[in-house]
Amino acid sequence: MHPTFSRVLLAAALASAGSPAVATEIQLEQGWNAEQRASWYDASLGSRLLPLAWAQALERPDSEERLFSEDNARRLGFPLRNWQGGELRLPRGFALDQQDDSQFSDTRLRWKARQSSSEPWVGLNCAGCHSTDISYRGSELTVDAGATLANVQAIFDEVLAALRRTSDDGDKFARFAGNVLGSEDSPANRDLLKAALAKRAALIDTLLSMSATDLQPGPGRLDATGQSLNRAAINSGARHLQANPTDAPTSFPALWHTLQMDKLQSSGFVPNVKVLDLNGQVFDLGYLAGDIGVVQGDYGDVVSHPLSGLEGYISSIRVDNLTRVEGLIHKLKAPAWPSQLFGAPDSARLAQGKRLYEENCAACHASIGRDDLQTPIKVRQVRLKAHGDDAPIGTDPWMACNTFTFSSPSGNYFGLFRPSLGTPSGVGIVGRTSKIADMQVPEVFQIMLGKKGQLADGIAEIIHAIVTGQQTLPGSDSLQALPTGQLLLAGGDPAGSQAPSLAAGEVPADKSARKDYCLNTEHPFLGYIARPLNGIWATAPYLHNGSVPSLYDLLLPQEQRPTTFYTGSHEFDPSRVGYLTGPGPDNAFLFDTHLEGNSNAGHDFAREYDESQRLALLEYLKTL
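Count the sequence shown with mature numbering (1 follows the signal peptide of the UniProt record, and there is no 0) and you get residues -23 to -1, 1 to 601, in order.
Since the hints were made in silico from the structure, they are not lab data.
All residues carry an ideal CB built from backbone N, CA and C; glycine is no exception.
Some hints here could point you the wrong way.
Below, simulated BS3-like cross-link-like pairs (lysine-lysine); rule was C-alpha separation at most 30 Å, straight line [as the list claims (entries may be wrong)]:
hint, residue 1, residue 2
1, LYS362, LYS488
2, LYS251, LYS308
3, LYS331, LYS355
4, LYS362, LYS492
5, LYS251, LYS429
6, LYS251, LYS355
7, LYS355, LYS492
8, LYS176, LYS149
9, LYS149, LYS171
10, LYS492, LYS308
11, LYS308, LYS331
12, LYS355, LYS308
Here are the computed distance ranges between Cβ atoms for each label pair [said to hold, decoys possible]:
hint, residue 1, residue 2, range
13, ARG114, ASP367, 34 to 44 Å
14, LYS488, ASP168, 43 to 53 Å
15, PRO534, GLY286, 17 to 27 Å
I would like the entire structure built from these sequences, with the hints used as guidance.
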């Protein structure tokens, strides 16, 4: 068996023997065994979108088809799978979450008398946004922890529409109630169920309304950062929320090598701080903080309260499972180009391609071996505004700009200490109105404190020092930190300390003025990172916002790149290294790069490649 593949099913042999054609399913070798892969797909991280009983009974808004039927789940990009290998079938990337909800807020719902406080819920986990399906001439290829092509926004929209329609349509509600309540179906329980439906719909509507925008992300994209920030604002308990349209959708980044990088997210606004626990083990504090923000955005339940001190916030977020999943990512390798399926890269072009890469790409994109899962990676960030010898990056500015400028009343976060690292305004106290990124960082640390029993030994003490603004720690001899951790504990982020401290009120409300403000402001949040390109062949479409359909197109001058194309198809084109872009039943979303948030500009090259050079570089990129 070729080392690129860990498993090729018998279907190919059956098909070649004259049996009915069945897709060949291929699992690439990425360093995980079967048990580790199962953990990736099955672990609950504390996202609670719907009670399981509701998810199984809800119908699509305009038909009697179940919302999570095989056909609809696959249409949305979430094929059903057997959760934990049992009989329960859930959309891939969804997990069962069963916790005592007695102290929760949004998900402490009661829809029948004498209901248990440990009803099972379903919600997204990492695999929902980080699993890639690639089709090629009847073969199906899975890339673990890659970039999904699922329509994540559509599933949130459909859930809300289904809840509303079920509540308003008597026949739908009768069917729903019969399935959810079963033998406990009664007029009194139906009243409880309808009230619970309304409460859940209102919560989801609050987030979607606060985030509302005319720009649709389509398959393979989501403004996950904007959604996470808005959810943090909602969890503050503030009464008068400020609209922050999530109009900067991004592609989902592949996760291999991310734990080695010093900055995370497309713009690098999450510092990947590492500290040592009392046992001398590295603890990925920054990575965990970023993941908590993501789970919160995916309908994790967080209960904030004023000036919480050191007891932290109660939440549904599973810090223990997040830590285990991060352990899996430590072992994750980038997928190698599957030559048996796509054909080997053209060896005659590789030497020229490698030379072009070293001359034109390597200065920004660090080179690291596929099997090197230890070496720290210092990513290069290129700013929206010219910085030093760097010209402006020129790519669509809105993901970075929104992250930097989204603001809201701070509610229960008022008065929390704001650390330097990871906040746009640096050291201070959260005011009555604040940039959301300024208040999400202390909020996430409060969530960690609320889960101190799930943290490694000594980590809670480090977080205590952060949330109280201490410069030194009691017993610091035993709480040693890595260099980046020492910077955090001293409150001294080199980039952040040089950044201007900007109040939320200084940001223009008008979108055009806000864009000018971001393009002309010098700040570490306002840029995008260049990461290593291992496995780049499996991460189409390209640029942070998915605005360039193939690697071939990315190597063209920006004025020659496609301005419109269709997305949704999983059918791969090895010659261009991307997915098919023509219209079709599976390729129905029209991506228009003329729209704000969708720009395909930037990442232009100091030199223009001729066609021979372009093809040589393309062949070399396949080998990374």
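Exercise for the section: Against the earlier hints, flag every one the structure doesn't satisfy and list their numbers going up. Expected result: Violated: hints 10, 15.
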